[in-house]
Amino acid sequence: MNTTLTPAPDQVPGAAETTIDLTPVTAYTAGIVRLAEAKGLRPAWGQPHGRTRRIILNAVGPHGAFGSIVIGRTSGKVLRAEVIHGNDAKVPRRATGTNAVRALLMEVTPSACSQGCNAESSTACRP
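Heads up, the final residue of the sequence shown is numbered 238 in the numbering used here, and it's a clean run with no missing numbers.
One or more of the hints may lead you astray.
Unchecked claim - Calculated pairs, SDA-like style, for lysine to any residue (alpha carbon to alpha carbon, straight line, at most 20 Å):
#1 Lys188 with Pro159
#2 Lys188 with Ala214
#3 Lys188 with Glu148
#4 Lys188 with Leu146
#5 Lys201 with Gly183
#6 Lys201 with Pro173
#7 Lys188 with Pro173
#8 Lys188 with Trp156
#9 Lys201 with Gly157
#10 Lys188 with Thr130
#11 Lys201 with Ser179
#12 Lys188 with Gln158
#13 Lys188 with Thr134
#14 Lys188 with Ala206
#15 Lys188 with His160
#16 Lys188 with Thr220
#17 Lys188 with Arg205
#18 Lys201 with Lys188
#19 Lys188 with Gly157
Hints in this document: simulated from the structure, not taken from any laboratory.
With the hints as constraints, model all of the structure from the sequences given.
Have a look at this one:
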């Protein structure tokens with residue numbers, strides 16, 4: 112178990128395409144973050160809050176999925192996650208625990224939306 116916490120480097124807005132520093136997390140948590148990267152969610156460190164830290168998820172374009180993964184600040188374990196499938200989503204999807212968070216991220220489909228997309232809905236987006 113990794114009990115040390117190194118400060119995450121400052122993230123520059125729009126620089127989420129770079130890989131995230133996963134030093135303070137467990138190997139299983141790193142696998143979940145890599146899954147989020149594979150789904151095009153561009154994970155980046157958010158601000159610490161109490162005994163937790165957030166990994167912010169944000170796909171490209173207005174119809175891409177976004178949300179966050181909450182991890183324990185000292186344990187480095189995944190606690191819960193919330194993913195919203197685009198701005199036209201009705202309700203956010205939430206999961207608690209590592210296996211449920213992994214299952215939630217497996218359901219995310221990579222967005223075909225581009226940065227300047229002006230389509231009416233996510234089904235109208237074209238790659």
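Here is how each hint holds up against the structure:
{"no.": "1", "hint": "Lys188 with Pro159", "in the structure": "holds, 14 Å"}
{"no.": "2", "hint": "Lys188 with Ala214", "in the structure": "holds, 16 Å"}
{"no.": "3", "hint": "Lys188 with Glu148", "in the structure": "holds, 18 Å"}
{"no.": "4", "hint": "Lys188 with Leu146", "in the structure": "holds, 15 Å"}
{"no.": "5", "hint": "Lys201 with Gly183", "in the structure": "violated, 29 Å"}
{"no.": "6", "hint": "Lys201 with Pro173", "in the structure": "holds, 14 Å"}
{"no.": "7", "hint": "Lys188 with Pro173", "in the structure": "violated, 30 Å"}
{"no.": "8", "hint": "Lys188 with Trp156", "in the structure": "holds, 14 Å"}
{"no.": "9", "hint": "Lys201 with Gly157", "in the structure": "violated, 25 Å"}
{"no.": "10", "hint": "Lys188 with Thr130", "in the structure": "holds, 19 Å"}
{"no.": "11", "hint": "Lys201 with Ser179", "in the structure": "holds, 17 Å"}
{"no.": "12", "hint": "Lys188 with Gln158", "in the structure": "holds, 16 Å"}
{"no.": "13", "hint": "Lys188 with Thr134", "in the structure": "holds, 12 Å"}
{"no.": "14", "hint": "Lys188 with Ala206", "in the structure": "holds, 14 Å"}
{"no.": "15", "hint": "Lys188 with His160", "in the structure": "holds, 15 Å"}
{"no.": "16", "hint": "Lys188 with Thr220", "in the structure": "violated, 24 Å"}
{"no.": "17", "hint": "Lys188 with Arg205", "in the structure": "holds, 17 Å"}
{"no.": "18", "hint": "Lys201 with Lys188", "in the structure": "violated, 29 Å"}
{"no.": "19", "hint": "Lys188 with Gly157", "in the structure": "holds, 16 Å"}
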